[in-house]
Structure formats: structure tokens, C-alpha cells
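**Q** Let the hints inform the model, and build the full structure from the sequences given.
There are 4 protein chains.
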Amino acid sequence: MMTPEQYEESLEKLNLSVYMFGKKITDIGADPIIRPSRNAVAKTYEMAQRPEHEEVMTATSHLSGKKINRFTHIFQNSRDLVLKSKMGRLLGSHTGCCFQRCVGMDALNTLSIITHAIDQKRGTEYNRRFLHFLSRVQDQDLVCDGAMTDPKGDRSLPPHQQADPDLYLHVVEERNDGIVVRGAKAHQTGALNSHEIIVMPTATMREADKDYAVSFNVPADHPGITYIMGRQSCDTRRTEGHPMDMGNLYYGGHEVLMVFDDVFIPWERVFMYKEYEFTGPLVEKFTAYHRQSYACKVGVGDVLIGATQTIAEYNGTDKASHVKDKIVEMNQLNEALFCGTLACAHEGHAEPSGTYIVDALMANVFKYNITQYPYIISRLAQDIAGGLMVTLPSEADFRAPETGPLMEKYYRAKTDTSTENRMRILRLIEAMTLGAQAVAYLTESMHGAGSPQAQRIMIARLVNMKEKQKRAKHLCGIEEKP
Amino acid sequence: MMTPEQYEESLEKLNLSVYMFGKKITDIGADPIIRPSRNAVAKTYEMAQRPEHEEVMTATSHLSGKKINRFTHIFQNSRDLVLKSKMGRLLGSHTGCCFQRCVGMDALNTLSIITHAIDQKRGTEYNRRFLHFLSRVQDQDLVCDGAMTDPKGDRSLPPHQQADPDLYLHVVEERNDGIVVRGAKAHQTGALNSHEIIVMPTATMREADKDYAVSFNVPADHPGITYIMGRQSCDTRRTEGHPMDMGNLYYGGHEVLMVFDDVFIPWERVFMYKEYEFTGPLVEKFTAYHRQSYACKVGVGDVLIGATQTIAEYNGTDKASHVKDKIVEMNQLNEALFCGTLACAHEGHAEPSGTYIVDALMANVFKYNITQYPYIISRLAQDIAGGLMVTLPSEADFRAPETGPLMEKYYRAKTDTSTENRMRILRLIEAMTLGAQAVAYLTESMHGAGSPQAQRIMIARLVNMKEKQKRAKHLCGIEEKP
Amino acid sequence: MMTPEQYEESLEKLNLSVYMFGKKITDIGADPIIRPSRNAVAKTYEMAQRPEHEEVMTATSHLSGKKINRFTHIFQNSRDLVLKSKMGRLLGSHTGCCFQRCVGMDALNTLSIITHAIDQKRGTEYNRRFLHFLSRVQDQDLVCDGAMTDPKGDRSLPPHQQADPDLYLHVVEERNDGIVVRGAKAHQTGALNSHEIIVMPTATMREADKDYAVSFNVPADHPGITYIMGRQSCDTRRTEGHPMDMGNLYYGGHEVLMVFDDVFIPWERVFMYKEYEFTGPLVEKFTAYHRQSYACKVGVGDVLIGATQTIAEYNGTDKASHVKDKIVEMNQLNEALFCGTLACAHEGHAEPSGTYIVDALMANVFKYNITQYPYIISRLAQDIAGGLMVTLPSEADFRAPETGPLMEKYYRAKTDTSTENRMRILRLIEAMTLGAQAVAYLTESMHGAGSPQAQRIMIARLVNMKEKQKRAKHLCGIEEKP
Amino acid sequence: MMTPEQYEESLEKLNLSVYMFGKKITDIGADPIIRPSRNAVAKTYEMAQRPEHEEVMTATSHLSGKKINRFTHIFQNSRDLVLKSKMGRLLGSHTGCCFQRCVGMDALNTLSIITHAIDQKRGTEYNRRFLHFLSRVQDQDLVCDGAMTDPKGDRSLPPHQQADPDLYLHVVEERNDGIVVRGAKAHQTGALNSHEIIVMPTATMREADKDYAVSFNVPADHPGITYIMGRQSCDTRRTEGHPMDMGNLYYGGHEVLMVFDDVFIPWERVFMYKEYEFTGPLVEKFTAYHRQSYACKVGVGDVLIGATQTIAEYNGTDKASHVKDKIVEMNQLNEALFCGTLACAHEGHAEPSGTYIVDALMANVFKYNITQYPYIISRLAQDIAGGLMVTLPSEADFRAPETGPLMEKYYRAKTDTSTENRMRILRLIEAMTLGAQAVAYLTESMHGAGSPQAQRIMIARLVNMKEKQKRAKHLCGIEEKP
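Chains as they are written, first to last, in the working numbering: chain F, 122 to 603; chain D, 122 to 603; chain S, 122 to 603; chain B, 122 to 603.
Hints were generated in silico from the structure; no laboratory data involved. In this text, a Cβ means the ideal position worked out from N, Cα and C, and glycines have one as well. Treat the hints with caution; some may be incorrect.
[Said to hold, decoys possible] So, partial list: chain B residues that the calculated Cβ filter (under 10 angstroms) puts toward chain D:
(1) 438
(2) 443
(3) 446
(4) 591
**A** Right, dumping it as C-alpha cells:
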């Protein structure tokens, strides 16, 4: 396993083509807007080095038998899945944000199942290729970006009927030595901190779209791949030189648009091509895994609850019954979420490849709640924080001789609480509910791993309604004809 | 294990002193109001005989090594706890009501821990006595009523300060051969279907209340015990001779006030006496177990969801998007509940006695949601059922020559749906949301195993707020003095 | 205006054909199940006699200039509409139930608009006939049953395509002197307490259904009309001779199926026939008025909130912060409802006939909330009431010598609170959340005046989305082509 | 009335002492961060000039009989209050933000009542002074900042016990010609766009705090007053030169800390001094008025709903039933809010001074919902907007030759929708739910005019619980002793 330092060094060697605010970024690691997201990924390396977190953060490779970072592991039993959920909460509570490494983990596990399934039916050799790749990922402790979401264009049309065929990533040329792909992947979380990209189809494809039924891996800095940084609320506060206003001083996330401009992929890296009937199962497996991954938001919730309790103490309102009651409500919601991610993991089962996967119904039920509860928790945090959260002057004002003393005087709450600390915790709550961290805690909770309606559709599909009706009919005396 | 028939016979031998509507009931088994509740308990025997439910319904006794009904089992591992949750849902979905046997199971497991703990500290022999009792319960497959809730009188006063000292059950005389107790236990679910009563203190006692710190078992028909049946919504529909109007034709529950009028308990049956410092742990363990037990409501929810889907089909509205959406919502809530009861079970741990117990925080989080979601599910069921649910004439009208044909004509919905079946399913929904079954699905979900505020207090106590604050403070740069 | 006594006498003269539990009821006024509903209507006469309620309960007829009961009034200005809302709350809080006289009032106002509109377009004389009828209603202070809801059969088919054409009420014969109608009206609230029936079409009709586009009035005891009583939760408690168990000792509601078996209607009583293009407006006006009428539930909510505060005091929990907080929540919801019914009234406008009508959007918004909030208020009431609400033995037990003293002893809470009073208030809460009154407070709130989806459809139709989009687009710089 | 241009000119003449980011701002009107807030206030002048809005935006002065801007009007009847609510929604929907002029209007109306009341009891001449001031405000069409909220320090202590006595604004010197005040007012909305400051006490004062019982007006640029700008989410996007990223191109708000460093106030401008027993009524009147003022959020909600409908159309999802259903939900919530602000206005009454004031209970009920619903509406907007809302690159990227074409290509949704317009509407939703406008739509809705708990306390105080209990007790047969 790499140390955080080795991870940073490994990234320095990459030559990514990145744009932000209309300009090419040359030194990505030094960019203050990108830096917090890199710190968050580095945290996944640091925590894996700590003895007290060994069980949660590491695993034993089923390929090599060596200790590996859990983010590169193929789940061998339900316990592995449960530890994944616990790892998510742990890291979320240490970073207060998205640490970006789950998508790759979920993509690896999905491909371990799907490549095996395709091979079984089609006699292909995708699983061998995949395991070869996996072996390298585990040995070198790499970060993989799982690239699934296409831009999609007109949502009422399938890929091949789009006005622009590139609105879904597809194969534009088939060569002896591999394929050439074109298209884009949107909302790529943490892509600039990844060594490898794992591309997967974004939806169930039919025969007419078989050129879109493609999965492969490619080094993140492969020529022809361009990254355009997405904006986030309050992103430029990181450039102001006054870290207090960032709220979270260390960690963050990022999202990019990743464009593939006729990128060549050798056959050895291709894990699916034209087997469109496996796109449905691939998406279903991946989303089940990835919905479980929102365990991280429980950890982020821990941070927000801790911040809320702290501001209540600083404001001197922590003994008020309505404040205590709201904090119980925050905890209730947060722990109910934790029950969901744990339950789907505990109730996991083995796929034919041997890989363990979560209970899909419960994973969807959990993720659906993730699209709702953080918004309520966030509202309660703002309630307890008080209005100062959005009327506080800048750290620059606090440091200036004319205004600093006035702020020191007038923003003092309880005498034993420093004004600066009160400002710091308010800025953290602001960041998590309106600022850079709110992007991950709220909007990403809504849409990551599929929007709420996607979960509702799966829930409708996965419950056994016939059985429920049979029980109800029996109890009230309705006889069904056979 | 007993068959349902043997269970019925065993109850016939009991000589209970029961009052209802101001009269003494002589043939309890024949009483139409009590009968459905006895059927529900009998179902716990029937299901245990079925091979397809063997894993869920039975266990191997850690005392005798024999196969026993899971309701008499002491949980030996997390899996046992998980199967308890699954048994609850299974039986709930087969009966659509409370099957009354959980409280005894939870009391047994609690006492296996607490008698062991008292003995360890005090050198008593409670655990031996308890295991002796347990052995009989397991061998004879007995139903135990777990009797905890005292009338409580003025809730702002401890037991010994009540105007009437009997408002909490207590020892009024200590003799060489045992103790004499007086008092009452309220809200005793299914007591009339039990062989044995297990009395436990209802709250944490202090030294001044040590005569109230008493636990013991006593045969249900012991002289001096009087039962007064509680009323339930629509209870007398069971006496009308028109079963359709009952909604649920077979099953139900009951609650009684159980009065102890100077009942003698020999020492061999006493499991705690005066060890007041163990009352708090006893209550905490019991409530953790019993909060998990509300898994049954997920099964009852299955029935209500099944009934709702059925009436939608009968009404011809099942394809309407808002109906489908509401049914998804019902399932989402029901499955989120299931996640809770499973998670607290999977995350169980062993107590010093070897007994496994659920994660208390998660059990409380789950039970809190049980106090809310069934009310929402019930509202959605009424929404989809339509107003006919509360304006439908009686079955007697349906059978009468003057009115039956008019009802047949005017209550017909889709041509391929019989009017009678439509009426039946509406009556079931009525029973579950306003009638006899609503008592268990709604109000019992609210107050059984502790009212919602009791869960909130436990949640506040069980979360690690200091750790959350530490993480939040670190992230925003607040340095804490050691 | 009639006194309550005169009202009772006037009903005695009617010769209604009523069935309940399969038998014909001869003395309706003496029937204990029907009696509370008659009391509730009588209350509308009693309150109109009280000087302190004169402004709210009475109005000045725009026809005769005489003082009339507001229930027979045609609204002449917004203030009339506002007083209607206030009358609803007032009576709801005095009866704790449905007082059944709103539907007729809403039907009268609707017909005052629609008959005028048809005449304007078609040169008919419906308005003259209607005013003649109205004049009699006002002078004699009659109760009118507004009969709108047809059984509807297969909801996916229009009236004329139903397997049985009678599933919507329609004209089966046109004669020189009038029409003959056949069909039924379901969910007829309070019909047995009415002097006159006002029939209206239940939905928008198209030309093929023009025989169903019929409105008229008919005396309640006209030959050929049969009433079948609907069951309600706990209806038979009224027959047990122990009024305490009824919860609400005095008032209640009822619903009937009303069947028209070839009933002749003379032309003078016909207010619409074949003018199908006016069925849509008629339904829209009526539902706007009738959705406003759910103001009564605010009054019923007052009773439930008062009962909840009382049981909290009796239980000794009224000072607990969570109890106080829940009661605030109940009030918040109840008063938010009141805002809705008032706002739609204040923002009313005059129709061409001069009749004032509520703002339709707000009336729908209000009624939609009525389909939700009472369920929450009801849950909170059960939360605070405690489990005893559903485990309390019967009044018969309380009166019996063996069990009464035990109940007296063990159900005593605070020493200064009588056990009997505690039982009484618990029975009231039971009745309002699970029993006879729950039918009106919950299920009728859901479906009366249209189910929630009906309101949502109207809201979608009534908001000005184009204007909202125009504002949004302007603010972000989107230029729309003209 | 001033034109917008005249308003701008009038502000140019002010010499405010303003700090932002640690520096003094010299040309306030030119500052890009402040500019949108000035535009929003200017809109209140512009709209008052438009004939189609004359009724809503203007009124007739009860002092001069002249047409004045409604923001300077003293409400003479309920209709005035209703038009105030409608003005709020109108301006909110035109600016999509806070237009800052309500606090002054509410302060004026409050003082018209309170100065009159003090004079009546104490024989003072506050009302004359106030009317003199009011006359000038009306004639010159001035913007008044209503300055109420003190920093408050330790919330468990009254003003005079604070470690620093200045944590509440107070009189530090009484002179022949006036008073000298010291302290600060926090969260001052739109202060930099005001001509006059109206200071009021922030809470009920007791005798020991009588030096804090002070109200007066002072020109905004009076020496000794310092303003420190508060930060808002995404504030600096306004300085980047790429307006699309602002979302709302034109309007915004601002909040400042306003510090009074020994400011002299001549007697003629003092409206209360030492009459501490009137501080409670003053706060209660002011908060009732100001809670009504949140009518603006209904207008802001209109914009967000319009934006959401627009992005649904652009994404091609507007026909999906779940999208339509969520938009109905947004409208339902928004219109339910409107009912509240209208109801409290319609039900207003005259104070002894002749000024009309809203129904306090309803105003509190309305404002409480304002602390909740915008958060739900905001979540639904994010749900429908899709994840692109938070992953979209900057406008700078869109304008750059390397990245612009890629964005144009890959962010195209439906072929007839321009990519740029799609980006614009997404940025507006981002701004309203996470960015600069979210401060006003969410957090200000939470805390402005009092945090939710303040409303709950008032609701508990204002409902007539005794009457509710009386009704409930009567219905279940509880006889109360007199």
C-alpha cells in the first residue's frame, strides 16, 4: 500500500490535460481549488496506515493474499461489505466531504461480476483481462475513477437516435489492436486525483446501441482525454488566502467533465464490447454497490452534527429543550441512514463469480433516504447555528485593524468562548449547508448513484407485491382462482 | 415443540380469572372477542411445524441441544437475532396483527443476562433458578407473558411516594418460603393466551424503592391474579356473526389489566429481589430487545401494502401514476423499517452471560421510526382505498334480500371484480387503519416497548457526541485545550 | 328559522325508507346509532338561536331580506364566505364531528351560479325554478343533502360505457310533466337528517353522456328512494348503554348509500338536464365551495387539541418539554389550516349571478392540507394520550362491583384527577383517532370534497406557470423569442 | 415618489463608512458585490412608477393625502395589509431575492402604534416626533433600515449583566439636547441602501435594563456609525466578470454589522427612552408585522418554481409524472404559504393609534412555515434540476476556445434548447439553493423576523387552550367545577 506521500508523488507523474476558468492548469497539485480534493483522497491512504483502522481500511487480496487497501478489494463475504459501509462513515467523518475513491471500488467489484458473467455466456476472456488489471490496481494501490454517466442529451431518445451520436460514449472505430472511443463522461468525481479511468455504459442498451455497450480502462493521462473542472459553490474562497472562510480547512471534492476525443484502447484493456444484454445487469450491480457507498454521508453527517452541537454550546443555547430535541432528530436521521447501509451489506450474497454484493432492495431504500435526510439535517443545523452563519464578515475583516476589534467585541457570545472559534464553526456549517461541502452533502446525495426516482423505480421492481397481496387476500377471506 | 392443537389444549387446562364488559368469562377459548388473539399465538406453533420456515421459526437450545421454538430461545449469536427479526416480519405478514409472543421471548433473554450479572456481583443464585425455569419453558414450549408496565400513577413521583403504594407492583411480605406481591401490570398483550407470567420492574429503581425491584415468574392462573380485558376499536364486530365486517377474519390481539392481589411467589421462582441497581440495566436490555421486536410491524405493513395494491386493482386505479407512487412510498417506508430491525440485530454483541443482544442505539432508532411510519403507511392506504372504506354498509345488509342486490349492483367496480371481494379488502383496510388491527399497527407501534420520547432519550444518550465535535472542530481549525 | 325542537319535529314527519344491518329502521329519530348525527344537525339550529353567534350563524336573505340560517344563504360578498369558514370551525369545535349541513349549502350556492349561467346561454328558466326552491329552503329553514358522488363503477370508463348504465345516476324516461331518474349516490353524509335532496352530476360529462347531465331537487322521503346506512368504526358502542365508551357522548355523523329506483321529478324541480357543457363548471364551483367547507375540521382539531392538553394534565406530563412541543405542533398545523380556509374566502369574487365564490386555487391548497394534517394531529394526540387509550377496559367493567374498584385504584394518575374523567378523555381521543369520529376527522378529510389527487390536479391547472417561468428566465438572462 | 434614478442619486450623496474584506469601500454604488442589492431596492421605486402596479405598490398617505410608496405607508385598514402581502410576493417574483425595504416599513408601523401608546400612558410626545419623521420619510420617499437585532452576547443573561455592556445597544450618556448611544445591530439587511436608520430594542427589557429601552432614528451616514459587510455564499462571483455564473444577473441582498460608537441622537429623533414596559409590546407588534413580510419568499418561490419547470423542459423531463408531481408539490407549499400571509392580513385589526396590524397568531403560524417550506421547495428544485447544477464548469470555460465547444457539444440536451440557456437556468437554481440567493431564500427565511422557536413560543401563547379544553371536556362528559 502507498503512503499518502507516495500517492502524491505518483500523481505528480501524471500529465493530465485540465481546464478551469477557461485556462489550462499546469500544476494541478498546487492549485488551491483542487488541493482539498487531493487531500481527501490522500486521507484514504493515510487512514489505511493507521493500526487502529486496519480492519476497516484494509483487506486481504483474494488474488495475491496480500494486505491491500480496501478500496481496491473484491468483496469476499458480507463482512467485507459491512466493513465497506463502516469505512465510508469513518472517512466521511474524518474529511467532512467526499473522498472520491468509492466509484472506482464499486466499478471494480461490478466488473468482477460482469466480466465473469459475459465469459460464461459468450466464451470471451474479459474476466482474465479484468483480473490482470485488478492485480495491478491492488499491487500498486491505485485510485480508479469509475466513469459511468454520459451527458445523455435528449433524455427521451436512445443513444443512436441522438442528434449528436457522441452524447453517449461509443466506439467509433474498431481496429486489429483495439478500439477507438469518443464521447464524454459528466460529473466525474475526483477524476483529477485518479491514476486510472474505468469506463462503463451508463444505461441499459439495446441491440441498436451495441456500439455504446463498451467498458474499458485507460490511464487517466492518456492523450485525447480532456478534463474541464466544474464550479462549486464558494470554490474561489480557497484562493483568497484566508482559510477560515473555507469552513473546512483541509478537504473537499471536485467534479469534472471528461471528454474522450477518439481515444485508442488496446483490446487487453477492454472489458465489454457489444454485449449489450449485459449493460442492464452491469448498471444494476454498479448502482446497488454505489448506493451502498453513500455510507460516507453518515460520516459527513457526524461532522455536521458535531458542528451543530458545538455552535449550540458556543451560543449558550445547548441546554434549551428545543435545541436538544433538534440534535436528537439529526442523530435519529443520521443513524437511521446508517442502519440502511449496514443492512444491505449484512444481507449481501455471492454472485457466481464469488464476489459478494449487497441486497439491492435495501441499498435502494437506503440511497433514497440519502436523497432526503441530509437536507433535513442541514436545515436543522442552520436552525441551531443562527443567522450569523450568513451575515458574518470575512476573515480579512477579522484580521484588519479597523474591523477586527469590532468583530471581536460584538461577535463574542459566552465569555469563555473565543470569537474566532465561533466564527470558525459557523463557517464550517455554512460550507456544509450552502458552500463547497454542501455540493457533496446535499446535491451529490440527491443525484449521485442515481436520482431519487431511479431508486423508486428499483424499489417498485424489487418488492414482492404478489406475495403481499396473497397474504392480505387470505386474511380477509378472498379466494383466488388458481 | 407443541402443535397448535396441543397448545389449545394446554390453555384449556388453565383456570384464569378474566372479566370483560363487567362479567366473568368462563370459556375463554370460545369467546369470539378473545378467539382471534388465541389464533395468532397458535400461529407461532403452526409455523414452527412447517419445514419451509424451520430455520426462521426454530432454534437449537443451548441448554438441551434440542430443537425448540425460537420464541423460547436464548440468542447465541447475531444470526439468532437476525432470524428473530425475520420471524417477526414473517408472522406479522401471516397474521396481520400482533402475535403476542415476543414480550416473553425478550423477557427470557433479558433475564438470562441480568440474573447472571446479579449473581456475579452478589453471589446469588438467580441464574440457576432462571435456567431451571427456562428449561421447562423450552421443553414444554410455553408462552410467557412478559409483564413490565406498572400503572405508574402520578408520573412525577417515584413508586414509594405514590399516594397508593400499589401503583407499582411490590413485595408486601417476605416469608421464609417466598414473597407476597401486590400491584398490577397494565397493557398486558396476549396475557390470556399465556402459560406463565414473567414479572419485571418497569423502571430504574433507587434504594428507597427496593421493594419494587422484583422479578419472578408465576403461572398465569395462579390464585390472586385477575385479568380485566381492555376494549379495542370495533371489538364487538367479532360477536355479530358477520365475519366480513371484521376485516381480518382470523387473527387479532388483546390487552388486559393484570392485577396481583397478594400473590405468593416461592423463592425458586424469584429472579431479582431488592437488587435495585440492576433495575436500570434490566429495563435497558429489555427495551433494546423489545424495540427490535417491532419487526412484526414490517410484516403487518406487508399485509396493508398488499391490501392497498389489491383495492387499487379492484378500483381500477392501479395504473395511475400517483397510486403507483404512493405504493412505492409505502414500500420505501416499510423496507426502511426492515433495515433498522436487521441492522440492530446484525450488529449485536455478546453479554457476559453469553447471550447476544442487539445494538441498542440502532434498536432505538428503529423503534422510533416504528412510532411514525405506520401512521404514514396507514394514511396512504386510506388515500388509495377511497371513501367507500368508511361508508360501506354492513355484511348483514349485503346478505339481506332487500339491500344485498342494491349493494351488489352499485358497489361493483370493474366487471371482473366481485363486489364481495371489494368489500372484503376494504374491511381489511378499515380494520388495519381504524379498527381492531389499528390498535396494534398504530397505537401499539407508538407506545409498545416505550413511547417515542423514551427512544429519543436513549438516542441522545447513546450517540458519541464528543467524537463528532472533535472531528468538526479539527476540520475548521479549532484547537482544543487538553 | 326553526328551533332545534321544530327541526326534530319536522323530521318526524318524513317517511324515509332506511335499512341498517339488514333491517328496515322504522323510528329513525330513536335509533341510537343515527341519533348523534341528528343531534349534530340540530346543533346548527341551536347555535343560530344564540345571540352571541348571530353574526356567524345567520345572514340576511338577498331574496326576502329576512334573517336566515347561514346554511341556507347565498353568499353576497367575501365577508359571507369568511363567516362561512368561521361557522365551520365554530360548529366543528362544538360538536367534534361532521354536522352534515355544508354540502347542501354548497350545492345551493353552486346552483345559484350554474342555473344563471345556463339560462344566459340557453334561454332556459332554471334560475327561476332554483330561486323558487331556494326561497322555500330559506323560509322553512330546511336541511338539504347535496348528492353528488355516483358509485362510478369502472373508473376508466365514462358513464354510458359502464357495463351497468345505472352506475351513474341518469334520466331513464322523459315525460311531459318531468323526468324519471335511476341510479345511486354514495357516501351521502347526513342524508337521513335532510328534508330535501339536491342531485348534481358527479363529473364533467360529454355529449354521449348528456342523459347523465342532470340536476334537480326531490323531497328526502320521495317514493322510490332507499337509504342503506354505512358502517362506521365503533358504531355499535352507541347501542351498548354505556355512553362513556362512545367518547363523544352527543354528536356524530353518518353516511348512506342512496338509491333512486325510477324516481319521478317534475320539471319545476329540474335545474339542469342535458346541458353537459355546464357539468364541468358545476363540479368545479361545487368542489371549490366544498373544499372551503373543511373549515369544520379545524374546529374538530380544536377539540382534539383540547382533549390532548387535558390528558397531558391528567397524566401529569403537561410540563414535559416534548409534550408542550407536540401540542404546539398540533396547534401550528391546525391554525395553518385555518389560514387556508380564511384566505380562499377573503380572496373570493363575484360570479355573474352575483354569488360570491372562493378563490379556487387557495381552496384546493387548503383542502389538500386537510387530507394530510389531521392524520399528523391525530398521531400526536395518540402519542401524548399514552397506550391506555387502547387498553382501557369498558365502562361496563368500570361500573361492575368486581372490576370497578380495581380500575378505580389502578387507573388513577394524579391524585386530584378522577379516574373516571381520565377514562372519559381517553375515550374521546380514541373515538377521534380510531373510532366513530375518526371516520369524519381522518377518512372524510381525505376523500370528502375530492381525494387529494383531485386537488393536486386542480392546483397544477390553476397556477400560472408561464408567468413564473418568464420571471425566472428574465433573471438569469434567457431571452425568449416572441 | 422618487424614480429609481433619483433614488440612486440620493444614495450617492450619503457618506457611509463601510468595510468589506478588510478594506474601506469608497464607491459603494460601484461595488459589484453590493450593486445587486441596490438594484433590488431600486426595483421598489421602479415598480411604484408602473401604472399596472399602482394599487399594490402605492397608497394614499393618511398624513398628507398624497400618493406615496406603500413602503412608507401606515396601514389604515385590512386591505392595506393584504396589499402589503401582495406587494411582497410581487417584488419577490420580480427580483428573486430580498429587496430589503420591509423592515423599515414594519418599523414605521410599529412605532406609529407604540409612540401613541407611550404618549397615552406617560404624557410624552413621542408620537408627534414620530409623525414628523414619518412625514419626511413619506414626502422624500426614503428607505429606512429597521435596526433591531443586537449581538446579544451570552444568551442566558440580560443586557445589564453581560460581561460587555455594549453587547446590547444602550444609552451611555444623557444630555440636555439628546442622548449618546453605543452598541451594535447585527444582520442589518440592506443597510447600505438606506437613508435612515430606525433603532428599536431587540427584546423585552426589565427595569434594570431601562437604558437599553431606546428607540430613535438617525441618518445612515451619521458620524460614528460603521458598517462591516457580511459574506454570503458565492459573493465574489459578482467580481469575476462572467455574469452567467451569478445565476441571478441583477438582484441580490446584503447584510451588515452596524456599529454605533457613541453616536449622538437629538431628542427630536428619540421615540422611546427608558419606557421599558413598552419594549415587550414593541417587539411583539414589530415581529407580527415582520413575520407577515415574509410574503416575499412566496414570490421568490415563484421564481424557483418557474426555473424548475424551465429546466425540466430543457432536460426533456417535464412530462415525467414524478416531475410533474414534484412541481405540484412545490406549488402546493408555495401557495399554502401565500394563504398564511394573506389570512393574517385579512384578519387584521386596528390598534388604538388607528394603525392596522395583522392577526398575530396567524402571522406566527405563517412565518413558522416559512422556516420550513423553502427548504423543501429548494430540495425539490435540486431534485428536478439534476446533478449538472453542481458540476457545470464556469462561464469562463464556456467562453474559452478550447473548452467552450466541448461544453456546447456535450451539455446540449434537447436540440431546440440552447446549451447556454440550460446553463443559465441551472446557475439560477444553484444561486437560489446553494449560492447568494440561498442566503435569503433559506437561511434568512429561517432566522429573519425571529427563528422558528420564537414563533412556536408565540403560537403556544396565542392559542386559547382553555376554550379548546372546555369543548373537549363537555363532549366526553367531564363536568368541571366552577
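**Q** Hints first: check each against the structure and report whether it holds.
**A** Against the structure, the hints come out as follows:
{"no.": "1", "hint": "438", "in the structure": "14 angstroms, violated"}
{"no.": "2", "hint": "443", "in the structure": "7 angstroms, holds"}
{"no.": "3", "hint": "446", "in the structure": "7 angstroms, holds"}
{"no.": "4", "hint": "591", "in the structure": "24 angstroms, violated"}
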